[in-house]
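Enquirer: Sequence:
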Amino acid sequence: MQISFLGTAGSLTTRTRSPSCIAVRAQKAVMLFDCGEDAQRQLIKQPQIVHGRVNRIFVTSNSSENIYGIPGMLCTLNWARERGFESADIPLHVYGPPGLADYIRTMLLLSDTYSMVPILVHEFATAACDPEPQPILTRARLYRVLVPPDQLNPNGYYDGNLDEAFLTRFDRKKKTGRADLRASAKRIKLPSPDGSWVLPEQVVGPDQPGRKICMLGATDNLLSAVPWVQAADAIVLGADSQVAGNTERATSKAIAAFATAVQATQLLVTRLPDDKATTNSIVRDIAMLCQDQVTVVPAYDHMVVCLERRKPA
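Reading the sequence shown from the start, the letters are residues 0 to 312 in numbering that gives the first Met the number 0.
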């Protein structure tokens with residue numbers, strides 16, 4: 000799995016940091032998290048990402064720094080899909096808070112945009128709703144899909160800027176261990192003289208552990224996400240309150256307490272200022288509060304992080 004940071008700025012764009020946008024590549028699929036202005040140009044600069052393989056966009060909140068780049072990104076992805084007609088009919092899924100579909104519809108309608116690729120905008124609803132896709136702009140093949148409350152979240156959607164944390168977690172299942180036939184041949188006599196069965200554990204090595212990535216949106220209460228983020232290989236979250244001087248984002252103390260509580264392996268901090276001294280101070284404070292038990296990495300534009308499978312215990 001691979002995490003590419005296309006934009007790492009907070010609320011304000013800087014000379015070296017573009018608005019928030021993160022790409023996660025897993026095998027042949029690519030998913031985007033937030034899509035700030037200029038995200039499509041930042042995506043073009045990433046040679047390891049194939050545009051036509053982007054199939055999902057997750058929006059953590061309807062803040063301007065998270066959604067202004069969506070219309071342009073949809074056009075870029077539509078163009079990339081049109082070149083390969085076999086993938087033009089595969090839907091592009093966009094997930095986000097209520098109101099996101101109306102925003103996309105308005106932008107595509109005013110710009111007279113046509114789309115060959117179906118676009119399904121999944122809005123997290125707060126009450127019971129019809130789960131069937133509803134067309135809202137036929138010309139652009141744009142549909143709204145309401146996501147009702149479920150057993151995991153019976154109270155429905157909450158704004159990520161409130162106390163509840165809005166997060167997305169990716170779980171890659173463990174893989175069966177590899178068969179080592181040469182080593183097995185030395186331990187097992189084939190064919191078996193007494194006709195006994197050869198069991199898998201006799202020829203297959205230990206299972207390869209899976210991987211877990213957690214992407215957190217803006218929240219004041221990171222501890223509400225602890226049950227869902229335990230033992231994650233990588234956690235991505237923002238820390239721009241250090242610059243803005245407000246409580247709309249997590250502080251260094253809250254981030255450190257959260258990382259320690261979930262036993263994080265690697266903490267990737269984004270939404271950082273342009274000033275390197277301030278960025279280094281934030282990262283140093285978090286690492287010290289974690290007592291150096293967590294690897295804290297500041298994110299920069301065009302930074303790529305590869306998550307290899309952990310070795311079997």
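Bear in mind the hints are in silico, worked out from the structure with no lab data behind them. Incorrect hints may appear among the rest.
[Stated by the list, open to error] Calculated pairs, SDA-like style, for lysine to any residue (alpha carbon to alpha carbon, straight line, at most 20 Å):
| hint | residue 1 | residue 2 |
| --- | --- | --- |
| 1 | 174 | 202 |
| 2 | 252 | 303 |
| 3 | 174 | 0 |
| 4 | 275 | 292 |
| 5 | 44 | 252 |
| 6 | 172 | 230 |
| 7 | 211 | 223 |
| 8 | 211 | 229 |
Keep in mind it's a predicted model, so treat the numbers as computed, not measured.
Enquirer: What are the numbers of the hints that this structure violates, sorted from low to high?
Expert: 2, 4 and 5
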